[in-house]
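Based on the provided sequences and hints, a complete structural model is requested.
Respectively, the protein sequence lines represent chains H and B.
Each residue of the first sequence is one higher than the one before, counting from 1 in the working numbering.
Each residue of the second sequence is one higher than the one before, counting from 1 in the working numbering.
None of these hints come from the bench; they were simulated from the model.
Built from N, CA and C at the ideal position, the CB exists for glycine as well.
Do not take every clue at face value.
Said to hold, decoys possible - Derived PhoX-like pairs (lysine-lysine); straight-line CA-CA distance at most 25 Å:
| id | chain 1 | residue 1 | chain 2 | residue 2 |
| --- | --- | --- | --- | --- |
| 1 | H | Lys61 | H | Lys49 |
| 2 | B | Lys13 | H | Lys49 |
| 3 | H | Lys49 | H | Lys99 |
| 4 | H | Lys99 | H | Lys68 |
| 5 | H | Lys49 | H | Lys68 |
| 6 | B | Lys26 | H | Lys61 |
| 7 | H | Lys104 | H | Lys68 |
| 8 | H | Lys104 | H | Lys61 |
| 9 | B | Lys13 | H | Lys99 |
To be verified - Taking CB as the label site, the calculated pair distances span:
| id | chain 1 | residue 1 | chain 2 | residue 2 | range |
| --- | --- | --- | --- | --- | --- |
| 10 | H | Gly62 | B | Lys13 | 17 to 25 Å |
| 11 | H | Thr55 | B | Arg63 | 38 to 46 Å |
| 12 | H | Gly62 | B | Gln18 | 39 to 47 Å |
| 13 | H | Thr12 | B | Asn79 | 41 to 49 Å |
| 14 | H | Gln2 | B | Asn79 | 25 to 33 Å |
| 15 | B | Thr5 | H | Ser18 | 16 to 24 Å |
| 16 | H | Pro7 | B | Arg15 | 34 to 42 Å |
| 17 | B | His10 | H | Arg107 | 16 to 24 Å |
| 18 | H | Leu56 | B | Pro61 | 36 to 44 Å |
| 19 | H | Glu64 | B | Gln17 | 26 to 34 Å |
| 20 | B | Val112 | H | Ser70 | 47 to 55 Å |
| 21 | B | Gln41 | H | Arg69 | 25 to 33 Å |
| 22 | H | Glu66 | B | Ala38 | 36 to 44 Å |
| 23 | B | Asn79 | H | Glu64 | 41 to 49 Å |
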Amino acid sequence: AQSVTQPDIHITVSEGASLELRCNYSYGATPYLFWYVQSPGQGLQLLLKYFSGDTLVQGIKGFEAEFKRSQSSFNLRKPSVHWSDAAEYFCAVMNRDDKIIFGKGTRLHILP
Amino acid sequence: DAGVTQSPTHLIKTRGQQVTLRCSPKSGHDTVSWYQQALGQGPQFIFQYYEEEERQRGNFPDRFSGHQFPNYSSELNVNALLLGDSALYLCATGRATNYGYTFGSGTRLTVV
Numbered sequence: 001a002q003s004v005t006q007p008d009i010h011i012t013v014s015e016g017a018s019l020e021l022r023c024n025y026s027y028g029a030t031p032y033l034f035w036y037v038q039s040p041g042q043g044l045q046l047l048l049k050y051f052s053g054d055t056l057v058q059g060i061k062g063f064e065a066e067f068k069r070s071q072s073s074f075n076l077r078k079p080s081v082h083w084s085d086a087a088e089y090f091c092a093v094m095n096r097d098d099k100i101i102f103g104k105g106t107r108l109h110i111l112p
Numbered sequence: 001d002a003g004v005t006q007s008p009t010h011l012i013k014t015r016g017q018q019v020t021l022r023c024s025p026k027s028g029h030d031t032v033s034w035y036q037q038a039l040g041q042g043p044q045f046i047f048q049y050y051e052e053e054e055r056q057r058g059n060f061p062d063r064f065s066g067h068q069f070p071n072y073s074s075e076l077n078v079n080a081l082l083l084g085d086s087a088l089y090l091c092a093t094g095r096a097t098n099y100g101y102t103f104g105s106g107t108r109l110t111v112v
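Next comes the structure, spelled out in structure tokens:
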């Protein structure tokens, strides 16, 4: 069965520091992978997605993610975080039937 | 171009009651998926509709049912509400031939 693991429930970084959020997935075939961001009380906004091709994917708001098949990982990175990046981040995998399976999320806190 | 519209935004119901949530897809989208997001959790897939048919279903009881209309809008119905049904219900729409799903802002359901 497909699954997504986000090992960090909370992450705190200082404004201007770099960020890496971890994501590991379990899926038998080549996965479709996503990162979404959710601000409090809001819906989900797509940051980036990987379907095939270049394993380094660029997204919105300066985020990028790297697909590593050997490690079953799809970690999200940003070189310099802003206070407005404080939110909940969800990694997700989609199966061939368009069902999206989400991780439990990582809450990002930004220190001024 | 309106995105995904969900109504109502907030709802309070009593245990045992029934509720209907609505979703209007983004223009050009023909597929609607519903997700339940409990507090502090990632979204859980409920079911997906395409061409007015339920195409696949997650691990939710039959109390959860849905419908898709010819204009691609959709309803989620929950019968015999339980306290545990309290959650944010998210609608995601997309095109059957394209794996880019757009999420609405959700309906916050509170069962008392």
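Quick rundown of the hints versus the structure:
{"no.": "1", "hint": "H:Lys61 to H:Lys49", "in the structure": "14 Å, holds"}
{"no.": "2", "hint": "B:Lys13 to H:Lys49", "in the structure": "37 Å, violated"}
{"no.": "3", "hint": "H:Lys49 to H:Lys99", "in the structure": "15 Å, holds"}
{"no.": "4", "hint": "H:Lys99 to H:Lys68", "in the structure": "22 Å, holds"}
{"no.": "5", "hint": "H:Lys49 to H:Lys68", "in the structure": "14 Å, holds"}
{"no.": "6", "hint": "B:Lys26 to H:Lys61", "in the structure": "22 Å, holds"}
{"no.": "7", "hint": "H:Lys104 to H:Lys68", "in the structure": "20 Å, holds"}
{"no.": "8", "hint": "H:Lys104 to H:Lys61", "in the structure": "22 Å, holds"}
{"no.": "9", "hint": "B:Lys13 to H:Lys99", "in the structure": "29 Å, violated"}
{"no.": "10", "hint": "H:Gly62 to B:Lys13: 17 to 25 Å", "in the structure": "41 Å, violated"}
{"no.": "11", "hint": "H:Thr55 to B:Arg63: 38 to 46 Å", "in the structure": "42 Å, holds"}
{"no.": "12", "hint": "H:Gly62 to B:Gln18: 39 to 47 Å", "in the structure": "45 Å, holds"}
{"no.": "13", "hint": "H:Thr12 to B:Asn79: 41 to 49 Å", "in the structure": "42 Å, holds"}
{"no.": "14", "hint": "H:Gln2 to B:Asn79: 25 to 33 Å", "in the structure": "29 Å, holds"}
{"no.": "15", "hint": "B:Thr5 to H:Ser18: 16 to 24 Å", "in the structure": "37 Å, violated"}
{"no.": "16", "hint": "H:Pro7 to B:Arg15: 34 to 42 Å", "in the structure": "36 Å, holds"}
{"no.": "17", "hint": "B:His10 to H:Arg107: 16 to 24 Å", "in the structure": "22 Å, holds"}
{"no.": "18", "hint": "H:Leu56 to B:Pro61: 36 to 44 Å", "in the structure": "42 Å, holds"}
{"no.": "19", "hint": "H:Glu64 to B:Gln17: 26 to 34 Å", "in the structure": "46 Å, violated"}
{"no.": "20", "hint": "B:Val112 to H:Ser70: 47 to 55 Å", "in the structure": "49 Å, holds"}
{"no.": "21", "hint": "B:Gln41 to H:Arg69: 25 to 33 Å", "in the structure": "28 Å, holds"}
{"no.": "22", "hint": "H:Glu66 to B:Ala38: 36 to 44 Å", "in the structure": "30 Å, violated"}
{"no.": "23", "hint": "B:Asn79 to H:Glu64: 41 to 49 Å", "in the structure": "44 Å, holds"}
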